[in-house]
Amino acid sequence: MPALGEPLDREAVRIAAARAIARTLALVPSRRLPEPTHRDQQLFQLAAALKAPGAAVENPCTEWAGPFCARTTLDPFFSALDDVRSGNASSRVTIAAFGNSLIASDRIVDVVREDLVRLFGDGGRGLLLIDKLADYGPRARTGNSGEGWEVHTVGDLQPSPAPFGLAGIVHISKMPRARSRFRLSGETKGTLFWVDKGAGPIELRIDGKPLVQISPQNDGHAQSTDFTLPQGAASLELIAHKSGTVIQGLVLDRPGPGLVLDTLGVAAADASLFLHADEEMVTEQLRSRAPNLVLIMLGGNEVKRLQWGRSTFEKVERDFHRFIQRIKQGAPGSACLMVGPLDAVLGPEAPKPFQQRAELLEVIELELTISQQEGCAFFDMYTAMGGKGSLERFNARGLLHEDLVHPRGQGLDVLGAMLADSLLKAWSETPRAEQPYALAEAWATLVGSDLLPHETSPWRKAPLVTLLPGDPKDPLTGGIQRVLSAARAWTPRSEEARWLVLDPGAAHALPGTIATSGPVSLRCASLVSSSGTAPSQEPCLPVTLPALPPDLQDPLDRGVTLGAWLLAELVRHDSLVEPRSDR
Numbered sequence: 002m003p004a005l006g007e008p009l010d011r012e013a014v015r016i017a018a019a020r021a022i023a024r025t026l027a028l029v030p031s032r033r034l035p036e037p038t039h040r041d042q043q044l045f046q047l048a049a050a051l052k053a054p055g056a057a058v059e060n061p062c063t064e065w066a067g068p069f070c071a072r073t074t075l076d077p078f079f080s081a082l083d084d085v086r087s088g089n090a091s092s093r094v095t096i097a098a099f100g101n102s103l104i105a106s107d108r109i110v111d112v113v114r115e116d117l118v119r120l121f122g123d124g125g126r127g128l129l130l131i132d133k134l135a136d137y138g139p140r141a142r143t144g145n146s147g148e149g150w151e152v153h154t155v156g157d158l159q160p161s162p163a164p165f166g167l168a169g170i171v172h173i174s175k176m177p178r179a180r181s182r183f184r185l186s187g188e189t190k191g192t193l194f195w196v197d198k199g200a201g202p203i204e205l206r207i208d209g210k211p212l213v214q215i216s217p218q219n220d221g222h223a224q225s226t227d228f229t230l231p232q233g234a235a236s237l238e239l240i241a242h243k244s245g246t247v248i249q250g251l252v253l254d255r256p257g258p259g260l261v262l263d264t265l266g267v268a269a270a271d272a273s274l275f276l277h278a279d280e281e282m283v284t285e286q287l288r289s290r291a292p293n294l295v296l297i298m299l300g301g302n303e304v305k306r307l308q309w310g311r312s313t314f315e316k317v318e319r320d321f322h323r324f325i326q327r328i329k330q331g332a333p334g335s336a337c338l339m340v341g342p343l344d345a346v347l348g349p350e351a352p353k354p355f356q357q358r359a360e361l362l363e364v365i366e367l368e369l370t371i372s373q374q375e376g377c378a379f380f381d382m383y384t385a386m387g388g389k390g391s392l393e394r395f396n397a398r399g400l401l402h403e404d405l406v407h408p409r410g411q412g413l414d415v416l417g418a419m420l421a422d423s424l425l426k427a428w429s430e431t432p433r434a435e436q437p438y439a440l441a442e443a444w445a446t447l448v449g450s451d452l453l454p455h456e457t458s459p460w461r462k463a464p465l466v467t468l469l470p471g472d473p474k475d476p477l478t479g480g481i482q483r484v485l486s487a488a489r490a491w492t493p494r495s496e497e498a499r500w501l502v503l504d505p506g507a508a509h510a511l512p513g514t515i516a517t518s519g520p521v522s523l524r525c526a527s528l529v530s531s532s533g534t535a536p537s538q539e540p541c542l543p544v545t546l547p548a549l550p551p552d553l554q555d556p557l558d559r560g561v562t563l564g565a566w567l568l569a570e571l572v573r574h575d576s577l578v579e580p581r582s583d584r
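For the sequence shown, this note's numbering assigns the number 2 to the initial residue and increments by one for each residue that follows.
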């Protein structure tokens with residue numbers, strides 16, 4: 002600091018501001034990701050062979066600090082993960098995954114669950130069904146019941162005699178003393194969701210010994226009965242003593258923190274059919290589960306019904322909005338992530354089996370728009386799996402069922418791995434701005450708000466920018482890219498997207514030169530639109546990067562600091578050359 006009365010060195014003050022921004026945007030050690038497992042490495046290799054590039058989660062910003070995003074749509078979920086990772090959490094992190102036949106047998110989301118449990122611990126098996134819905138598939142998310150039950154789902158053509166709850170599925174005992182047995186693996190907390198209408202006594206037994214006896218009042222309401230399981234128990238048995246007893250699901254959770262993913266997948270389901278569930282029951286059961294993230298994996302059946310003339314875009318749009326709003330009513334503090342549908346083709350009966358369904362891209366765009374309007378993040382599975390022709394490539398490797406709709410085996414695992422990888426990367430790479438006001442103040446100091454008289458707030462929202470060219474594995478380049486990524490509105494399809502372009506001759510020498518010495522003059526640095534249109538007649542701006550303090554040695558920290566400096570210089574130039582009418 003200068004002596005009393007000595008004028009401040011403006012460049013030193015700006016460097017200090019850039020360093021403050023760098024500290025805020027630095028990688029959080031607790032968010033560092035481990036190396037991929039052997040299984041995930043194999044799945045990523047298979048994805049490359051299938052020409053499935055993956056995709057980033059589109060996570061809109063909800064709070065800005067200068068041009069930097071201080072809060073995102075997925076922050077409620079990310080903060081819950083942080084609490085578990087730091088050891089500060091006392092309860093589980095729960096994901097509620099709604100979907101159709103792609104996840105009805107727990108495939109795709111089982112990979113997501115495994116990858117997240119590896120990092121955040123196992124919170125238990127979550128919401129389970131009385132029995133499997135079909136002869137095929139694993140029994141990891143269900144009990145084992147034999148022949149004592151009939152099942153109804155929101156995807157059935159015929160109406161159900163019993164109301165649906167959160168799972169969209171009910172099991173009704175069709176004989177006295179209908180049973181289902183659940184294996185236990187360290188779970189000590191349970192909840193039974195049932196309907197108190199026409200029910201007889203319901204008994205829960207642990208390892209053959211009585212645990213809970215429920216006596217219905219037959220008042221017609223949905224009920225939830227909580228119970229505690231003894232440590233070390235091996236199995237839980239449910240017995241419905243009267244036929245006609247309606248069970249909507251059974252929850253098994255572990256004590257303490259960890260991650261739980263409730264699979265709420267129903268074959269043939271779409272958003273419209275999920276609305277057939279009883280709204281009050283869904284709301285109360287969602288409140289009981291208190292999910293931190295709601296995952297919505299619908300769209301494939303909407304595409305088919307649009308093509309068959311059984312639905313309209315107006316109905317699809319209206320019912321998606323209603324479905325998301327119903328979820329938010331039961332889980333108002335939850336983050337939301339919508340996953341777009343897969344590639345879709347006409348199928349084996351068509352003259353051209355692999356011709357893409359005409360409504361697919363419109364449904365994807367509609368889901369993206371709805372997610373933005375309802376405050377959800379979005380993952381484009383169609384793009385992630387390789388876009389048009391994806392299913393044909395999956396089929397060529399034997400990873401598609403004969404219906405040309407459903408991937409199978411490792412085809413499903415690849416989709417799950419790409420979704421899990423993108424979600425974890427979004428968590429890892431999203432900066433945590435603990436003090437948004439201080440971040441905004443540092444930016445105002447760095448950019449010089451006095452130079453931006455036409456701005457109400459100094460470039461409050463920055464357009465999408467990226468460093469071109471640059472080696473993402475180079476820590477210095479990675480640091481510059483990090484600050485640019487933090488300064489963007491997540492609108493990858495937006496016409497306002499702009500790119501930071503360095504003159505190739507200077508850019509190739511940039512990392513090594515900055516790492517060893519400074520300052521460095523760039524012959525050309527500019528922000529241009531994604532279509533290549535420059536914002537002014539002078540797109541190339543000579544920039545002299547500052548000499549950094551000798552104590553700033555870490556390449557990534559140097560990169561973030563220089564990235565903040567460079568971005569500010571471009572903003573200052575951009576604002577002085579031409580007032581921005583879109584801000």
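I should point out that these hints are in silico values taken from the structure, not numbers from a laboratory. You may find that some hints are simply not true.
To be verified - Straight-line distance between alpha carbons at most 25 Å, and here's what the computed DSS-like set of lysine-lysine pairs gives: (1) K52 with K353; (2) K133 with K198; (3) K52 with K316; (4) K305 with K316; (5) K426 with K52; (6) K52 with K133; (7) K210 with K190; (8) K329 with K353; (9) K175 with K133.
Unchecked claim - Here are the in silico distance ranges between beta carbons for each label pair: (10) S87 with W309: 48 to 54 Å; (11) G257 with H277: 42 to 48 Å; (12) G221 with P333: 23 to 29 Å; (13) D208 with A141: 19 to 25 Å; (14) S186 with E403: 31 to 37 Å; (15) P35 with E442: 31 to 37 Å; (16) A50 with L120: 52 to 58 Å; (17) G221 with E36: 42 to 48 Å; (18) D197 with A397: 51 to 57 Å; (19) A439 with P550: 27 to 33 Å.
Ideal placement from N, C-alpha and C gives every residue a C-beta, glycine not left out.
Against the structure, the hints:
A distance of roughly 22 Å separates the Cα atoms of K52 and K353; the hinted pair therefore holds under the 25 Å criterion. With a C-alpha separation of about 24 Å, the suggested pair K133 and K198 falls inside the 25 Å cut-off, and the hint holds. Proposed proximity of K52 and K316 is contradicted: the alpha carbons are some 34 Å apart, above 25 Å. About 14 Å separates the Cα atoms of K305 and K316, which keeps this hinted pair within 25 Å; it holds.
Between K426 and K52, the direct Cα distance comes to roughly 20 Å. Compliance with the 25 Å bound is thereby established for this hinted pair. Between K52 and K133 the CA atoms are separated by roughly 34 Å; this puts the pair beyond 25 Å, and the hint is violated. The suggested pairing of K210 with K190 holds, with an alpha-carbon distance near 17 Å, which does not exceed 25 Å. Proximity of K329 to K353 is assessed by CA-CA distance (about 42 Å); at most 25 Å being required, the pair is judged violated.
Using a Cα cut-off of 25 Å, the hinted pair K175 and K133 holds, with the two alpha carbons roughly 16 Å apart. Judged by the Cβ atoms, the range 48 to 54 Å given for S87 and W309 holds: they are separated by roughly 50 Å. Range check, G257 to H277: Cβ separation about 36 Å, and the 42 to 48 Å hint is violated. Range check, G221 to P333: Cβ separation about 27 Å, and the 23 to 29 Å hint holds.
For D208 and A141, the Cβ-Cβ distance of about 20 Å falls inside the hinted range of 19 to 25 Å, so the restraint holds. In this structure the supplied range 31 to 37 Å holds for S186 paired with E403, their Cβ-Cβ distance being about 35 Å. Evaluation of the 31 to 37 Å hint for P35 and E442 yields a pass: the beta carbon distance comes to about 36 Å. The hint said 52 to 58 Å for the Cβ distance between A50 and L120, and at roughly 27 Å that hint is violated.
In this structure the hint that G221 and E36 lie 42 to 48 Å apart at CB is violated, the actual value being about 54 Å. At about 53 Å, the beta-carbon gap between D197 and A397 stays in the expected band of 51 to 57 Å. For the pair A439 and P550, the beta carbons lie near 20 Å from each other, so the given range of 27 to 33 Å is not met.
Of the numbered hints listed earlier, those contradicted by the structure are 3, 6, 8, 11, 16, 17 and 19.
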